[in-house]
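S.K.: One letter stands for each residue in the lines below.
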Amino acid sequence: MAVDPQELKSRIEAGIPGARAEVTGDGHHFEAVVSSSAFAGLTRIAQHRMVYDVFGSEIGDRIHALSIKTTEAETV
Amino acid sequence: MSETSNPMREAIQSAISENPVILFMKGTPEAPACGFSARTVAVLQSLDKPFAAVDILPDPRIRQELSAISGWPTIPQLFVDGELVGGCDIVMEMYQSGELHSALGLEATPPPAEDAPISIENRL
Chain A
1 MAVDPQELKS RIEAGIPGAR AEVTGDGHHF EAVVSSSAFA GLTRIAQHRM
51 VYDVFGSEIG DRIHALSIKT TEAETV
Chain B
1 MSETSNPMRE AIQSAISENP VILFMKGTPE APACGFSART VAVLQSLDKP
51 FAAVDILPDP RIRQELSAIS GWPTIPQLFV DGELVGGCDI VMEMYQSGEL
101 HSALGLEATP PPAEDAPISI ENRL
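Protein chains in written order, with our numbering: chain A, 1 to 76; chain B, 1 to 124.
Just so you know, these hints were derived from the structure itself, not from any lab. The beta carbon of each residue, even a glycine, is placed where N, CA and C say it ideally should be. You can take every hint at face value.
A partial selection of chain B residues facing chain A, derived with a Cβ cut-off under 8 Å:
1) Gly71
2) Pro73
3) Thr74
4) Leu84
5) Gly86
6) Asp89
7) Ile90
8) Glu93
To give an idea of the chain A side of the interface with chain B (calculated C-beta under 10 Å), a few residues:
9) Glu31
10) Arg44
11) Ile59
12) Ala65
13) Ser67
14) Lys69
Take these sequences, add in the hints, and give me the full structure.
M.R.: The following block contains the structure:
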């Protein structure tokens, strides 16, 4: 069953404080570009884990693949 | 979580600690079974860094236990000196920035200049 990239976008933005996300995908494979001030000072591994953690066991299952690019957001 | 005997997990843990560079992937370096694994292998091979490779496909428990150990849900997973470096996205990013060279102990081509020069500029 296809998953709407918009759903991933809203869940990332709801799940990570201050996150802005752009998600594209074909319903199974997705690419997410996420920026958040919550990423400040974290390693890339830790930043990507925060994104994966939003979806838990859905990764690899309902969400077949999620490619992630994270950036630290400027504090406005 | 109880520390019951788990031969599969122990085998994976020893493989991670015994191999300075080890890639858990779908398929083999000669015949990768997934685009993400293929890209990661290509990067490692382009650096001429010898690495151990484990195909996770033959037994679903490999992936299950690996992800339990690493806390990382996707494949591939690259470990250097016993530490998870990342999956395909992170390895590619590190390759492009030159960080992967230093992480692998190679003569670095351009290492990343300073930490977060962009954020400093933007604040000024």
